[in-house]
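Please take these sequences and the hints and turn them into a complete structure.
Residue numbers (the working numbering), protein chains in the order written: chain A, 1 to 289; chain B, 290 to 563.
No false leads were mixed into what you were given.
As a list, the in silico SDA-like pairs of lysine to any residue whose alpha-carbon atoms are at most 20 Å apart:
| no. | chain 1 | residue 1 | chain 2 | residue 2 |
| --- | --- | --- | --- | --- |
| 1 | B | K526 | A | S134 |
| 2 | B | K298 | B | I309 |
| 3 | A | K13 | B | F415 |
| 4 | B | K419 | A | R133 |
| 5 | B | K526 | A | R8 |
| 6 | A | K253 | A | P221 |
| 7 | B | K419 | A | Q10 |
| 8 | A | K15 | A | F25 |
| 9 | B | K526 | A | L138 |
| 10 | B | K371 | B | R490 |
| 11 | A | K19 | B | V519 |
So these bits of chain B aren't anywhere near chain A, every CB distance computed over 10 Å:
| no. | residue |
| --- | --- |
| 12 | R301 |
| 13 | R302 |
| 14 | A308 |
| 15 | S320 |
| 16 | L322 |
| 17 | V323 |
| 18 | T385 |
| 19 | F476 |
| 20 | A502 |
| 21 | L509 |
| 22 | H510 |
No lab work stands behind these hints, which were simulated from the structure alone. Since we're looking at a predicted model, the values are computed, not measured. Each residue gets a CB set at the ideal place from its N, CA and C atoms; glycine is no exception.
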Amino acid sequence: MSAIDERRSQFKKYKEDVKDRGKPFYPYAMFHDTVMSLVVVGVIVGLASVWFYTSGENPDTCGGKDSCLLGPRYSEPADPGTTNFVPRPDWYFYFLFYLLRIFKWPDSVILGTVGIPTILLIIAFALPFLDIRSERRLSRRPVAVVAAILVVISMGELTYKGAVAKEALASEVVAAVPQWAQRDGFANDPKAVAGANVFAEGGCTSCHTYLGTGGGNLGAPDLSAEGSKGKGVQGLESYVADPSKFGNTVMPKFGAFASIPAKDAQGKDLGISQLRALAIFLDASKGPK
Amino acid sequence: MAVSARTRKSARRQRLEAAINYPIDWLEERSGLVGGLRYFLFRKVPGDSNWFHTLGSATLTAFLVQATTGVILAMYYKPEPKTAYASIQHITNDVTLGWLVRGMHKWGASVFIILLFFHMARVFLFGAYKYPRELNWIVGVLLLVMGMAEGFTGYLLPWDQTSYWATVVGINLNGTVPFLGPYIAQFLRGGAEIGPDTLARFYSIHMLLIPGAIFALIGLHLYLVVRLGVSSPPWSKEAAGADWVEEQVTTNGRSGLTQPAARSSWRRNGGDAE
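Right, here's the structure in full:
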């Protein structure tokens, strides 16, 4: 008997056996299902209640010390002009989010954004055709067991790392600016220092790193020596305004900075836009001396 | 006299039963739905199917919670950049039990995704994706993808900083797909920048397109479950779940039964269903 005939006859026998000697779905299986469904609804209501009663109407209730158990009700209203944000997805995307820390822009980031997710998806769809034996006992499916353990460990690890990924707090980053100016040698250029403050406050370090400060998310490169690449102030300015024109479709556009005037530490208007100051700062960043 | 009274009572009872049954019979004659429901409820499952087998229906419950709370949220939510955030605040802080509905929707999403993964793990470990249930596995993976897409599109709707910037980056990441990337990003944004069109588009995808697809796929998923039957756990000695039958037989104090006898034994215990 060929393999396919054997499977067919096995399934036929299963159908007959279950019909003869199985138990009816109602009430036996349905009882279990109902209990489980009530548990699910109970857990959801419980989570919603804890979330609501440990948070406040104000979006920054969970900011500082009195952080909420399950997070705030909402963050500040969306503002395309303010980039002080942490681009953090919902927890079930953390594994993809963290994967992008492993691959660096621009060479291999596509492996993280497209390559690995696509391969995982193809394997998931093709599983019944990759594993065609009829054996179902775990003790006789070593490959499946090892694969399952590896998937659970790696997804769990990536999700955990994504959850605890270091976030660059604006206050800490701003405090590091004088040190940057010292080490990269632009302390005497008020425009570059103003640009460094825009960089620190604007949330650039949510993704980028600068002399060890910052998130390193989404494959964003370190910018401590960006000025030594010879792009020039003009080049850097137009890059930051619209990175997609230079083939970078991951980085958001920050053209909004062009309409905000840059100020120095004393609040004096420097006569240039924040975008320009940012470009001057990046151009002055020739790497630590 | 007594006999005729009993007959009369019986006749009244018969008329009553006929009156009660009439709508059911009417529906059955025209649709066959009653027979379908009866088939669904009283179909046999393996005797040793257990708590692990409830993960699928638990996932369905979580989805129905999302559908119900989603419909209520849609009555108050205003998908415009200028009003979306305020309407979310209004739902959470002012509307009666609005916090519960939004909280259930927000946390139900996570529970739904977790249960999808647990259900998938159960099917994998039980080897329940094997012949002839391959197609149902594929439908299940599609449902997982749809569920994640719901998470992505729903995340933007509160229109707060977290959701806005996560979506900016999320759309940009879609843009890195070779060749198609820029078109996907353009489609998701509904233009060059994220704005009113993006929000309306995400809202439409989130509450019409994908839920419709999920309902249809769940229908297909359940149809295949009923058609192919529930697989017994891999440790079962036989497909029908020998343990349960043996247990029933032992309670009856009988042993060494052949199949038909075992069959009649469960009928005596819980067989009123058939």
